[in-house]
Amino acid sequence: MTAFLVILVILLFLIAVWQIKRIFQLAQTKVVGHADIATDKDNNSQGYLMMGFLAFIYILTIVSFWLWYDTLLPESGSEHGSEIDNLMLISMILIFFVGIITQGVLHYFAFIYRGNKVARATFYADNDKLEFIWTIIPVITLAGLIIYGLFTWTDIMNVDKDDDPLIVELYAQQFNWKARYGGNDNTLGEANVRLIKGVNVLGVDPADPNGKDDKVVTELHLPVGRKVLIKMRSQDVLHSAYMPHFRAQMNCVPGMITQFAFTPSVTTEDMRLTDHVINKVDNINKIRREKSEELQAMGDEPLDPYEFDYLVLCNKICGISHYNMQMKIIVESEEDYKAWLAEQPTLAEQLSKEN
Amino acid sequence: MSANAQIHAVEDNHDDHGHHKQTFVTKYIFSTDHKMISKQYMITGIFMGVIGILMSLFFRLQLAWPDHKFTIFEIFLGKWGEDGVMDPSVYLALVTIHGTIMVFFVLTAGLSGTFSNLLIPLQIGARDMASGFLNMVSYWLFFISSMIMLSSLFVEAGPASAGWTIYPPLSALPQAIPGSGMGMNLWLIAMAIFIASSLLGSLNFIVTVLNLRTKGMSMTRLPLTIWSFFLTAIIGVVSFPVLFSAVLMLIMDRSFGTSFFLSDIYIAGEVLHHQGGSPVLFEHLFWFLGHPEVYIVILPAMGIVSEIMATNSRKPIFGYRAMVASLLAIAFLSTIVWGHHMFISGMNPFLGSVFTFTTLLIAIPSAVKSFNWITTLWRGKLQMNVAMLWSIGFVSTFITGGLTGIIMGDSALDINIHDTYFIVAHFHLVMGISAAYGFIAGVYHWFPIMFEGRMMNKKLGYIHFWVTAIGAYGIFFPMHFVGLAGLPRRYYTNTAFPYFDDLHDINVVMTIFAIMTIAVQVVFLYNFIHSMFYGKMAPKNPWNANTLEWTAERKHIHGNWDGPIPHVHRWPYDYSKLNKDETDFVIPGQDFIPQYVPLQDNEDELDH
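From first to last, the protein sequence lines are chains A and X. Numbered according to the numbering used here, the first sequence spans residues 1 to 355. Numbered according to the numbering used here, the second sequence spans residues 356 to 963.
Sample of chain X residues with no beta-carbon within 10 Å of chain A, all distances over it, derived:
no.	residue
1	401
2	574
3	606
4	782
5	805
6	919
7	957
Straight line, CA to CA, 30 Å or less: simulated BS3-like cross-link-like pairs of lysine-lysine:
no.	chain 1	residue 1	chain 2	residue 2
8	A	338	A	197
9	A	215	A	338
10	X	424	A	286
11	A	161	A	338
12	X	891	X	910
13	A	328	A	215
14	A	161	A	328
15	A	227	A	215
16	X	394	X	382
17	X	376	X	910
18	X	434	A	291
19	X	814	A	41
20	A	328	A	286
21	X	895	A	117
22	A	117	X	891
23	X	382	X	895
24	X	424	A	291
25	A	212	A	161
26	X	394	X	814
27	A	41	X	895
28	X	895	X	814
29	A	117	X	814
30	A	21	X	891
31	A	197	A	178
32	A	129	X	935
33	A	117	X	935
34	A	178	A	328
35	A	41	X	891
36	X	814	A	21
37	A	227	A	328
38	A	231	A	338
39	A	215	A	178
Please keep in mind that the hints were generated in silico from the structure rather than gathered at the bench. Glycine included, C-beta positions come from ideal geometry on N, C-alpha and C.
Using the sequences and the hints given, assemble the complete structure.
Written out as structure tokens, the structure is:
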């Protein structure tokens, strides 16, 4: 792959050099008029270059898709995510359609109407009908997109309490994530940074009975198929909880509780078996094997093979280690989730152990 | 109007402008002449641009080859680049200062400062700005601001590193990141002075356009450049004071213990006393400027491109009134869309719906403008001068970048691409690259006006354009894929955990294109400096343009026109207009009719 890319870049560079050479050749013939004002020869060569540039844009688009389609995010792991992906697909088709046509027309006009001595431009100052058409078409298209988008947005953001979602707190600090489960009552105890003390790193109010059975963990487990309402807090600066595989993101704001709800629909195990993820993981492991060989040659430890996992990443600049602030998310069956949760100590147990 | 006429009458008698005694200081340093101030803005802007672009080279190298040791880091970054390894804190500092410099110092002051100053008096037929003195003060405040911003690079704990949007609490607490100490103080002071400079400049532009137009220059006969500079100035006056208030409150939170933006913070092992403030408030204040700001950056480029395209197509700009109306619409809408930067900031989701609606509305005037530019080319007689190539390039990048805006602006889609490389690709194309193209187009086009008739070299200009055009797409088109792969921006390296390892190839490609693009700017700098002194002399009106600046004295004199100011009798876009019988152009053998030419007997009046 890298070799191919290098060849591609060299090729593009050669084309650039060749074009430059051509420009020189064309420009060096005897000039009529001022040397630094475009002549008919320049108009001609630059017009052709415009078509060449159009080809470059199209080829770049095709090559990019061909090379890097595999790196994109896999199918959504949440229920609302497929709605977003749908909307994304429609918008993408639309903008590619418009983009390909307008770029084509722009560069084609630049080519076909390149000036020469005999040509005469058409005095064409306005045309109300034409302008009305290309005002109204974007209006209608955008109205459609806006309506679709707003319905999707409202569906995602409005949380219906009747769904009885699992309540989980996602707690951000420089530079790690913690999660807190509401325990048996599925209710989080009140918390404030002013109450942080000892093992009570999230500042849960010890006097609040709801908080006694809360469980604080450093790896987020979620049962598949159940709606989860994530309440977010931050103890220091702005962070953003970005869960790209679930098409979910919300900022964590100090002094405020924000929230985002979604229903995980694919377990981690199942996600690992999808074609896209298998492909992606193969690619990554190939790169890691190559790197491991290099490392071993220098006498260092080789890298572990990579296995896919859902992640929550920090996506708001938060300090020096922003680039490595992440936590694993595991989506599993209801039973596995319950079994795992039962092993975690409650806050009351942790606090009594400390005393 | 009568007062205006009187001023002209008085000035018209004032023929011997050459008698002002000019010393080196009054001519080149504390000049009150708009043409000199324009050049001062341009050179300062280009200087800042060189620094900002070099910074981008550093972090692109880091992103493409995170394990490699670069001597260049050791040389330039000192203690943050020991043994050629970039420190994570300086990476954040570089992206922060790159953003700040490019947005404010290059594309706001450099673009609008240069061309508003140069063209407003010359194209409306005025002797100078309404207040030459305020204009001078505006430039020197900008200069001081630039120096303070650059001095922050040499502070011991490093310059501001909280991103160019400086969201608190990160920007407010030195405990959170080293750059939020002295470096952030200097950033805030520099920006406060910058805002003062920008406001003085903008007020001057507005007053000049409203009051000092020559006889016959009605608002509907203004070149589109002037319309765009005028509206840019208005947006600046409306929105910059809001940033000033945000900066002031942040200074108070940092230094005087107030809690405008801070609440419930536990950091470095202790609870801070701040309570009741909200970082979201800062985001609202910041983006109330921040969004109009991107239109402050792009509108002048739109104006410049419209003018250059019409001139070099030898055709009127298509739909002049629609172009003005869409500028007005964009200017108005730009102040009510700021919330689209904050869909997932924690503000009420209903607000998100409102801002999605207003944001997608702004796509309509933008679409109209793009279609009108394309139609301007239709059946033209395109003169492929260097400035024309940059203008066509502008329309191309503006369309590509603008289209991805439809995705960003949709709150539902923004959830998953917010703050990823997708947005970086989007705004670099639609705002950064496009505005830079507009700036460069303007430099090539009006170079003879600025440097007393000298022209820039055409061949070097062609090389500069084509390599830059290929490089810009080569950097930013693949970047969309990085964003869609889910990679957050402002990551020092994306190999700290394995998930993004497969993006290494794309990063290498982008960096190679970036090196190529940056390298070719040396050609531009050489061409620029060389042509200043040795450029070939241009004919009086090299591009056969209609606007008034080409009638002014070539040698720079105070007052622009040696004799009386020309009066205007028509709009600036009478290119290739035919006579009544359609046998020849109105002026036989000449396909343009400058604005000072009265209506001829053999032409139809077309209400322009």
